[in-house]
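Chains as they are written, first to last, in this note's numbering: chain A, 1 to 528; chain B, 1 to 791.
Calculated from the structure, these hints are not laboratory results.
It cannot be assumed that every hint is accurate.
[What the hints assert, rightly or not] Derived lysine-lysine pairs resembling DSSO-like cross-links, with alpha carbons at most 30 Å apart:
#1 B:Lys349 x A:Lys370
#2 B:Lys596 x A:Lys408
#3 B:Lys369 x A:Lys367
#4 B:Lys324 x A:Lys8
#5 B:Lys228 x A:Lys376
#6 B:Lys16 x A:Lys5
#7 A:Lys370 x B:Lys94
#8 B:Lys394 x A:Lys8
#9 B:Lys16 x A:Lys359
#10 B:Lys285 x A:Lys5
#11 A:Lys318 x A:Lys367
#12 A:Lys408 x B:Lys205
#13 B:Lys228 x A:Lys359
#14 A:Lys5 x B:Lys228
#15 A:Lys343 x B:Lys394
#16 A:Lys367 x B:Lys16
#17 B:Lys239 x A:Lys370
#18 A:Lys376 x B:Lys285
#19 B:Lys324 x A:Lys5
#20 B:Lys110 x A:Lys5
#21 A:Lys364 x B:Lys285
#22 B:Lys324 x A:Lys356
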Amino acid sequence: MASFKPTKVQFLPKLGEKVTEDTLYWKNYKSPVQIKEFGAVTKIDFSPLAPHNYAVTASTRIHVYGLHSQEPIRSFTRFRDTAYGGSFRGDGKLLVAGSEEGLIRLFDICGRVALRQFTGHSKAVHVTSFLSDGFRVVSGSDDLTCRVWDVPSAVELSSITEHTDYIRALAPSKLNPDLFVTGSYDHTVKVFDMRSGSSVMTMQHGHPVECVLLYPSEALLVSTGGRYVKIWDLLKGGQELVSLKNHHKTVTCACLSSVGNKLLTGSLDRHVKVYNSSYKVVHNFDCDASILSMAVAPDDEVVAVGMTNGVLSVRHRKHKKDKETLTSRRRRGPSYRVFVKGKNFVPRQDDFLVSKPVKQYLRKYDKQLKSFEVSKALDTALQMWTRTSKPEVTVAVIIELNRRGTLKNALAGRNEESLTKILNFLLKHIFDPRFSRPLLTVGDIVLDLYRQVLHQSPVVERQLQRLMEVLGREAELQQELLQVLGILDTLFASLTPRKEVLWEEHCPMSLNNHCVSVSSVSADVCRI
Amino acid sequence: MVEESDVRVVRFGGSKINLRPPIISTDSRFVLCTSGDSVKVYSTRTEEWLHSLQGHTNQVTGIALNPANHLQVYSCSADGTVKLWDFIDGILIKTFIIGYPLFAIYVSEKHEGIVFLHIAMDTDSKKEGFQLVAVHLPKSAEQEVEAKELSAVSSHISPNPSCTAFGREGQYIAFARNLQLNVYFFRKQKTYSFSLKATDKKGAKNAFTCIACHPTDDCIATGHEDGKIRLWRNFIHKKEYTYSTQHWHHNAVNTLCFTPEGTNLLSGGIESVLVQWQYGTGNRKEFLPRLGGSILHVSASSDGQLFCTSHSDNKITVIESSFKVCGVIQGLVKGDAVLTDLMIDPRSKALVLNGKPGHLQFYSLLRDKHLYNLDIVQQEYIYEAGLDQFEVVKAAFDIKGYWLATVEERGQKSADLEFFLKLWSYDERTQSFVLNTTITAAHTDRIISMCFSSSEETTMLVTIAEDGQFKAWCQGVDDQNFWSCDFVGSYHNLKPTNCSFSADSSLLAVSFQEVITIWSPDTWELLTTLCQPPGVIRDLCFGRLSCSKYLISTTTRNLLCCWNLLTCAFLMDSFSGLYTVFVFKPNEPRPLFTHKNVCSEKIHRAVFVPREEPLNNCDESSQWLNRSQLYFLTQNMDLLTFSTATEEDRMLSSSTRLVIDDSVAVTPFYLLLGKHRQQQQKLNTPSHQAADRPQQPQGSVTITELLHTPAHVLPPASVLCSMFVSSLLISNTGEEDSEGEMEACDSQQELRVQGSVDEVTPKLSKAQERELKRVRKTDFSWMAGLIASKP
């Protein structure tokens, strides 16, 4: 005697991206903390020292935040005009920042007043940075010059005027104290050597350069500008390695994660994209405003993003500890002892074994189907939770009822409330290629059954109106797709005149499948 | 051409066991049922087939226990005889010749020496007129007796044998026909009849379908077409009869049966639910659902401990009185139709075909036993008339038996066709097939045919469908475990008709109406097209082994066409004939073998099954049967096969030896020696059956002596040991001997290696044949001398 076979729910594989380790890694961040600054956040820089505080340059202030605090630990407010490019020295004790008026200020991290002021630039200084020896500061300015300053004496060591437009990007080398890279709005990226006092390498980015970034090995250079992100191989004399075009607005900032050196780019299109080592996008953060600056803390603990509307959004990494605290709050289940109770009993040789029949556990709708309560089974399958989160279960029950030939009975005799439920479900899923076939039959039967009484309920009538619209739109779409398919057919046919069979291999399967349901849908629309 | 006496058609098995109600023996140890022209005896405990009572020459139509002797059973057959058997030993005791085709048999304790039989009113049984006759069986010592004392009890009775039943202690007999219930009282010699209206106000159908009488009470239970059960009482008075109605079945009641004490009434119908009604308490009932096919018969053992139901899917279920299924005896399942072809599972060599609805059945041909059902559809089966069910319509195995592809279909009649393509992989651990991939919309229209590639490394499935396309499916394209589409092809939008892979899988042939296209599966290039003479191609097949260059096709115009693919040359032959089997060699236009009128019934399918061991038959006419056997399936689900004389001889000899082996008591020595002997036999069987004959007496004398002596009188083990060793030594030389013979046989087999089904067999000239026979008969005993002389 066979037991009751439960309804088979078909799970169709979802199309789209696969879940990889990278996506899991980058998904593992908490929801962002929003901190309001006074103006657009133009620069974020993490201190290389242990607490990893970070300096946020926005408007006329530079705030230094702790890794987990939402209030600034320290703030530098002695700017008369907008401050730019606040960045730490390699030991995290000094901070340098440029400003709109052309002054460069050097701060002690504990002090409030500027230790040094470098004067010389005639226009706004947007980027400043320490060279890796820590005794010199390099700055790039809108007056087309790039200057190197001596920290102890506060004098200008050299001034290079090679760019022909504003300098808006700067990256010092960490390995060689005499090397730094600048990017400018004249579409070029230049590598300067202080020993020669001039550029040693020039690369054409093709768009105004917004940001340059050196890989830790300093063999690769990243430049962003326009919608492009370009990777250059410095060891090959500045050859372009890859050009990425994943954003649809200007890419304003780029940084590297410290685990695995993954590249992150932020853009005015409000997205942060994470690339893997072969430069495929593996993850995407969405923000609410255009992104101007971005930084990642060591060990990827924090991703801080600054935006044009003055909001600093900080994402912290989730840790297992946090999870544990969450779960510990929950009620503990029964102990292991309870589970194994009586199950580890070993029978002796002369014991009689009385086997207990294994009970078959059935879902509620299966139980109702087993006792032929078809209307109730359909009601169960149309319950709120099932129909919203598991529509395939609802559809499976509908298919099973149809197979038994009792779908009409199950749909008959319903009141307005339950009929709206069914119609809502139809509206939501009827154009889903997985479900359209059984749901169209449901639609047919509903119309057949309730044709006489439809006009009595305005709610149901409105829903039917909407259903008609949805189906009409779908039919139009399918027609267009068929037209495209026809065009493709002729194209392929003209491409391969000899071998009349080969083209079908290239023909995308999805299109083929799509056009299958066209005829049925359109036929149904006509009927309705 | 060949004379037909050499190769003849034999019934192989797989016949219906559900034609008539099964009988449980009085001690509840055996179940007897009719099966084709024999009666089969099964054990109720182990469900094993013990033996069959063979002797009738036509369909056995009824069995009944002899009321005088509970170890004997009467059987009646359409050949006009009633036979009395001892069913435990399987011995025929007596044959009574009646002379008319018989259709059912009834016996009663009160009427000793009399059997009641259904015979046709007229001599041609096609007319629906049957009569019930009482036959007095003469007492005589002879084996064959002619019984001539026939007396008609009633004429115009229902052809359905379950519409007749004996009443309390055989006082009356009740039989129903259409809307009339008749009760014949033996004492009064009168018939009372009670009739119902054809339909009542509610439109119920009142026709009688079955009848049962209470064993101790004057009560008759009748089943009706609308599912009602009526209990008739007080029918001794013609006018004052009463009946009560009970209704549970939603369709016709097929069978009714009272338990021997009369406390319960069992009923069954198409719903496949056994219902037990408590007698006298109104509506209290118990159910046993999902037993299998619809219930045709129910019978109870005389002690009331066991019930037996027989089902439409050729199954007998043994049920305990506590309503628990304790055994299932399954014959070859008769599905609604054999939609899949007959196939052979390459792994178990079992015959595979449609079984229960939505299942594939695996049937062992060697043991004539149903192995298991594989659930393909995996859905609850609803027993309802007119419901469109999923059916397995296509199935295919790959060459190693690791993959199984099935197509199930629903909605053949209506417009919206649903079908699934499923791929199953063999699981070593569970020893059955496990679902791997379900493809919901493999094609846009019905799949016509499919085949696996036959290469060892990569498995590929090709399906062709009515949408004009053929698709190739592969497993593990992106390191995935499941199957996906690899290629879609078509040819001028023609509808494909069949497909086939060549033996080495280097070519794929797909036929499109009248055109055969040859493709290379590696590059999916269209290599060539072969255009056929008029007629749509139905089947395609590549040759094997030495004939792999041939492509054979059949067309709708009774043509068999053969292409030589190396030269693209064309050979053709046309033939026709009803119920005729032709066997061809691919390179010869004349048939090798012809057999007309294979059997009286319509043949549905046929399949070649490779033999376990090839036959040594050099006869030219039956050489094609050496390496495989041809099986047919008839409409009644009987399996037929061709058999040759040598094969029958061998079967006979093997069966007699088996009996000897059984008589040896199972002692530790026997087990020890049995193992040894089996090994020996294994070594010997490939060479020749006769080879181990001479050594048998030598070994078996000591062995039987050993085995039959009780342990306490046996000599000490040290003495025995030497005896053992010596016996082993002798058998070793015997083996040596047989090896010599094997060489001789090997040369024969080498010649025969190519002698497969569809391939060229080098013809042996008469002289060569004689030479070979001579070699086989040569005595190799001088070899033993040689070996013995070796230091």
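To see whether the hints hold, each was checked on the structure:
{"no.": "1", "hint": "B:Lys349 x A:Lys370", "in the structure": "violated (38 Å)"}
{"no.": "2", "hint": "B:Lys596 x A:Lys408", "in the structure": "violated (53 Å)"}
{"no.": "3", "hint": "B:Lys369 x A:Lys367", "in the structure": "violated (36 Å)"}
{"no.": "4", "hint": "B:Lys324 x A:Lys8", "in the structure": "holds (28 Å)"}
{"no.": "5", "hint": "B:Lys228 x A:Lys376", "in the structure": "holds (28 Å)"}
{"no.": "6", "hint": "B:Lys16 x A:Lys5", "in the structure": "holds (28 Å)"}
{"no.": "7", "hint": "A:Lys370 x B:Lys94", "in the structure": "violated (52 Å)"}
{"no.": "8", "hint": "B:Lys394 x A:Lys8", "in the structure": "holds (21 Å)"}
{"no.": "9", "hint": "B:Lys16 x A:Lys359", "in the structure": "violated (35 Å)"}
{"no.": "10", "hint": "B:Lys285 x A:Lys5", "in the structure": "holds (24 Å)"}
{"no.": "11", "hint": "A:Lys318 x A:Lys367", "in the structure": "violated (42 Å)"}
{"no.": "12", "hint": "A:Lys408 x B:Lys205", "in the structure": "holds (26 Å)"}
{"no.": "13", "hint": "B:Lys228 x A:Lys359", "in the structure": "violated (33 Å)"}
{"no.": "14", "hint": "A:Lys5 x B:Lys228", "in the structure": "holds (29 Å)"}
{"no.": "15", "hint": "A:Lys343 x B:Lys394", "in the structure": "violated (45 Å)"}
{"no.": "16", "hint": "A:Lys367 x B:Lys16", "in the structure": "violated (36 Å)"}
{"no.": "17", "hint": "B:Lys239 x A:Lys370", "in the structure": "violated (45 Å)"}
{"no.": "18", "hint": "A:Lys376 x B:Lys285", "in the structure": "holds (26 Å)"}
{"no.": "19", "hint": "B:Lys324 x A:Lys5", "in the structure": "holds (19 Å)"}
{"no.": "20", "hint": "B:Lys110 x A:Lys5", "in the structure": "violated (49 Å)"}
{"no.": "21", "hint": "A:Lys364 x B:Lys285", "in the structure": "holds (26 Å)"}
{"no.": "22", "hint": "B:Lys324 x A:Lys356", "in the structure": "holds (14 Å)"}
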